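Here the protein sequences line up with chains R and A, keeping their order.
6 is the number of the first residue of the first sequence in our numbering; add one for each residue after it.
6 is the number of the first residue of the second sequence in our numbering; add one for each residue after it.
No lab work stands behind these hints, which were simulated from the structure alone.
Misleading hints may appear alongside valid ones.
If chains are identical, the list can't say which one is meant, so a pair holds when it fits in one copy or spans any two.
[Stated by the list, open to error] For lysine-lysine, the following DSSO-like pairs were computed, each having C-alpha atoms within a straight-line distance of at most 27 Å:
| no. | residue 1 | residue 2 |
| --- | --- | --- |
| 1 | 235 | 129 |
| 2 | 84 | 235 |
| 3 | 390 | 325 |
| 4 | 275 | 84 |
| 5 | 325 | 343 |
| 6 | 390 | 343 |
| 7 | 275 | 129 |
| 8 | 390 | 322 |
| 9 | 322 | 343 |
None of these values were measured; they are calculated from a predicted model.
There are 2 protein chains.
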Amino acid sequence: MLSVDKAVERITDALKPLGSERVNLEDAFGRTLAADARARFDQPPCSVSAMDGYAVRSADQGPRRLIGAAPAGHPFTGKVGANETVRLFTGSQVPDGADAVLAQEDARVGDDRVEFTAQPYPGKFIRAKGQDFLAGQMLIPQGTCLGARDVALLAAGDLAQVDVQQRPVVVLAATGDELSLPGAPRKPGGIVASSAYGLMPLIAQWGARPRNLGILPDRSEAIAALAEEKCDLLVTLGGASVGDHDLVRSALGSKGFALDFWKIAMRPGKPMIFGRLGAIPLLGLPGNPVSTLVCALLFLRPAIFKMLGREWSQPLKPAKLIGTLDASGERQDYLRAKGELRDGIIWARALAVQDSSLLRDFSVADMLIVRPPRAPALREGDAVKIMELE
Amino acid sequence: MLSVDKAVERITDALKPLGSERVNLEDAFGRTLAADARARFDQPPCSVSAMDGYAVRSADQGPRRLIGAAPAGHPFTGKVGANETVRLFTGSQVPDGADAVLAQEDARVGDDRVEFTAQPYPGKFIRAKGQDFLAGQMLIPQGTCLGARDVALLAAGDLAQVDVQQRPVVVLAATGDELSLPGAPRKPGGIVASSAYGLMPLIAQWGARPRNLGILPDRSEAIAALAEEKCDLLVTLGGASVGDHDLVRSALGSKGFALDFWKIAMRPGKPMIFGRLGAIPLLGLPGNPVSTLVCALLFLRPAIFKMLGREWSQPLKPAKLIGTLDASGERQDYLRAKGELRDGIIWARALAVQDSSLLRDFSVADMLIVRPPRAPALREGDAVKIMELE
Numbered sequence: 006m007l008s009v010d011k012a013v014e015r016i017t018d019a020l021k022p023l024g025s026e027r028v029n030l031e032d033a034f035g036r037t038l039a040a041d042a043r044a045r046f047d048q049p050p051c052s053v054s055a056m057d058g059y060a061v062r063s064a065d066q067g068p069r070r071l072i073g074a075a076p077a078g079h080p081f082t083g084k085v086g087a088n089e090t091v092r093l094f095t096g097s098q099v100p101d102g103a104d105a106v107l108a109q110e111d112a113r114v115g116d117d118r119v120e121f122t123a124q125p126y127p128g129k130f131i132r133a134k135g136q137d138f139l140a141g142q143m144l145i146p147q148g149t150c151l152g153a154r155d156v157a158l159l160a161a162g163d164l165a166q167v168d169v170q171q172r173p174v175v176v177l178a179a180t181g182d183e184l185s186l187p188g189a190p191r192k193p194g195g196i197v198a199s200s201a202y203g204l205m206p207l208i209a210q211w212g213a214r215p216r217n218l219g220i221l222p223d224r225s226e227a228i229a230a231l232a233e234e235k236c237d238l239l240v241t242l243g244g245a246s247v248g249d250h251d252l253v254r255s256a257l258g259s260k261g262f263a264l265d266f267w268k269i270a271m272r273p274g275k276p277m278i279f280g281r282l283g284a285i286p287l288l289g290l291p292g293n294p295v296s297t298l299v300c301a302l303l304f305l306r307p308a309i310f311k312m313l314g315r316e317w318s319q320p321l322k323p324a325k326l327i328g329t330l331d332a333s334g335e336r337q338d339y340l341r342a343k344g345e346l347r348d349g350i351i352w353a354r355a356l357a358v359q360d361s362s363l364l365r366d367f368s369v370a371d372m373l374i375v376r377p378p379r380a381p382a383l384r385e386g387d388a389v390k391i392m393e394l395e
Numbered sequence: 006m007l008s009v010d011k012a013v014e015r016i017t018d019a020l021k022p023l024g025s026e027r028v029n030l031e032d033a034f035g036r037t038l039a040a041d042a043r044a045r046f047d048q049p050p051c052s053v054s055a056m057d058g059y060a061v062r063s064a065d066q067g068p069r070r071l072i073g074a075a076p077a078g079h080p081f082t083g084k085v086g087a088n089e090t091v092r093l094f095t096g097s098q099v100p101d102g103a104d105a106v107l108a109q110e111d112a113r114v115g116d117d118r119v120e121f122t123a124q125p126y127p128g129k130f131i132r133a134k135g136q137d138f139l140a141g142q143m144l145i146p147q148g149t150c151l152g153a154r155d156v157a158l159l160a161a162g163d164l165a166q167v168d169v170q171q172r173p174v175v176v177l178a179a180t181g182d183e184l185s186l187p188g189a190p191r192k193p194g195g196i197v198a199s200s201a202y203g204l205m206p207l208i209a210q211w212g213a214r215p216r217n218l219g220i221l222p223d224r225s226e227a228i229a230a231l232a233e234e235k236c237d238l239l240v241t242l243g244g245a246s247v248g249d250h251d252l253v254r255s256a257l258g259s260k261g262f263a264l265d266f267w268k269i270a271m272r273p274g275k276p277m278i279f280g281r282l283g284a285i286p287l288l289g290l291p292g293n294p295v296s297t298l299v300c301a302l303l304f305l306r307p308a309i310f311k312m313l314g315r316e317w318s319q320p321l322k323p324a325k326l327i328g329t330l331d332a333s334g335e336r337q338d339y340l341r342a343k344g345e346l347r348d349g350i351i352w353a354r355a356l357a358v359q360d361s362s363l364l365r366d367f368s369v370a371d372m373l374i375v376r377p378p379r380a381p382a383l384r385e386g387d388a389v390k391i392m393e394l395e
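So that you can see chain R by itself, here it is in the shape it has in the complex (with noise of 0.2 Å):
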């Protein structure tokens, strides 16, 4: 049996990033940077106004005389001379001779005259030139996965549109005779395949785009049919274990499958096939709903990170074990638990039953226990691996 860490690297070293494509500001967000993305112009482009005020001179003294008004967009043509002033707001470009800007807290306006109960110094409530960022500086690197502030960012940095990294598509196909789709009939003695519906918004979260077929029946023909689908990943989910009825892997040995890995030593989840079904990479996972999901977690993700170019560790934090725990086997163990805060700490209790059939458990879990194998016994308040779930 592999590793999870071992699996991770086979599994990444396979897959290589795609291409670029761009797209406009408005779609990007989600989306990973192919190329570092540089600023179009000084932000901010002259010397701006940081508050509602007025435009002077620090050398100058006493009463101003008020020469104008320049609202922001709509700059003051002219120079502010000796003992003059300009009436600005915030984001007003501050005239030519003004080296400091008064609030208008501070001011009392006359007809033409300002007097001031504060004192200016050069430079005070003004917004320099570039203060920002300039022109051709690096706003953000290549790989980043845009988030909101980064999208205002290069919204700000006048880019219209950006280069990201193409979305692999990923296909979801469920193997077995005993499932159904919700709200059809079911199958003698038959579940629902429910596995799909999770991973379909995890797999556009992560910045892939998925497609799912369904369920396809327990048949060779069926099976080996997903050779001919257009996708950078083919995700299968049961059939991966070694019954005579796992059929993913016979299925697909007609089909030019090569077969890198299918056993890794954690726990849910032991069967997990990894392979190339011609020139597409194969993912079989597991068929009980919550292996299925921990193994995209563990596995799919950085399959996908990896297609997008983006950096991937498998985010652990460390937290305290509320209760205690057996020590473990050979394999490596993501218990499902429920965590809380202690002093800015967090306390982590796993659930009673693990089955990795039990999906309301999964539900209601919010992290995993990360355990390696052949762990010792536990007890309350020792260290522990976590990983949490969103």
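Got chain R sorted already, so can you dock chain A onto it with the hints?
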């Protein structure tokens, strides 16, 4: 000046949840349940095998006669009698008469005879009917924003559709003659309107439907025309201050605008309007992009949550301070900061410059340090509250 907490209260008190609508499960991710979701059948629907193996009677001893096989989805229709066994697979219905499953790894199979190297006990490797959930049981309560695991659970409960809260329509409009759109010709001394590009994805992520009107000129008529928009919440960006050219309040006065408040004791973000334009609530966010986005987190997010019927509390966490902070003034400060984990504790360092026009600094921050008004000076290691940024 109103406190942040009071302002949130005034805003959310003025709003109420919208109605519900029915959506397909494929479209349920990120939506808020409008009613408790209950399972439509027992899961599993019958006793099923947890392993690839053999159904046996636990009272029997010695080798068993193999009388059939039952792949998942193809139940065995007979009954397991004394010293008989039936081949099962993970998820197969356990046939009548059997009360345990032995794993295939512990079986030696002859022609129609199976010897076992492990002992059964009643219930061994059997997932009992209804072990995950029972028909009629509540799976997920009303008001839950559905995550990926929730959607999978609803699928497992055989729900093809669910009742969710309608998404509030939020209309955005930036004001300011100094503004241009990314890539468009820039105004003299002007800047690019950036906030809406950050707000659009946030509003969608929070569960609402954003519509961006772009930039309105600083003229009363243009702003007053907002009164004709069909939406659940109007959000203006900029123009919320008291300057002669901050027109939102004055322009809307003629259209029956009822002002609730417009000044909040916070930094960044003091000038903020809330009121009602006829039947439509209006939130006037400040124009500097950092202020806009921080105010959106603090006020727009709970406003949307209220219209979705979702619980809300400011997500503050304890942390320790890196560096020092001076005593603070009359306003609640939201300091852009970078954090790191040390021994499981979050440590936060405020960025050196906190000017609300610096979008680049905001983009690299990963949290805000939240300081109440008139907070004392703090030293390295002192306790602070933080709000993580996504």
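Hint-by-hint comparison with the structure:
1. 235 <-> 129: Result: close neither inside a copy nor across copies, 61 Å intra and 43 Å inter.
2. 84 <-> 235: Answer is neither; intra-copy 65 Å and inter-copy 46 Å both fail.
3. 390 <-> 325: both (8 Å within a copy, 21 Å between copies)
4. 275 <-> 84: Classified as neither: same-chain Cα gap 76 Å, cross-chain 31 Å, threshold 27 Å.
5. 325 <-> 343: both (12 Å within a copy, 24 Å between copies)
6. 390 <-> 343: Both: 13 Å inside a copy, 23 Å across copies.
7. 275 <-> 129: between (65 Å within a copy, 20 Å between copies)
8. 390 <-> 322: Cα proximity of residue 390 and residue 322: in one copy and across copies (6 Å, 20 Å).
9. 322 <-> 343: For residue 322 and residue 343, the Cα distance is within 27 Å both inside one copy (14 Å) and across copies (17 Å).
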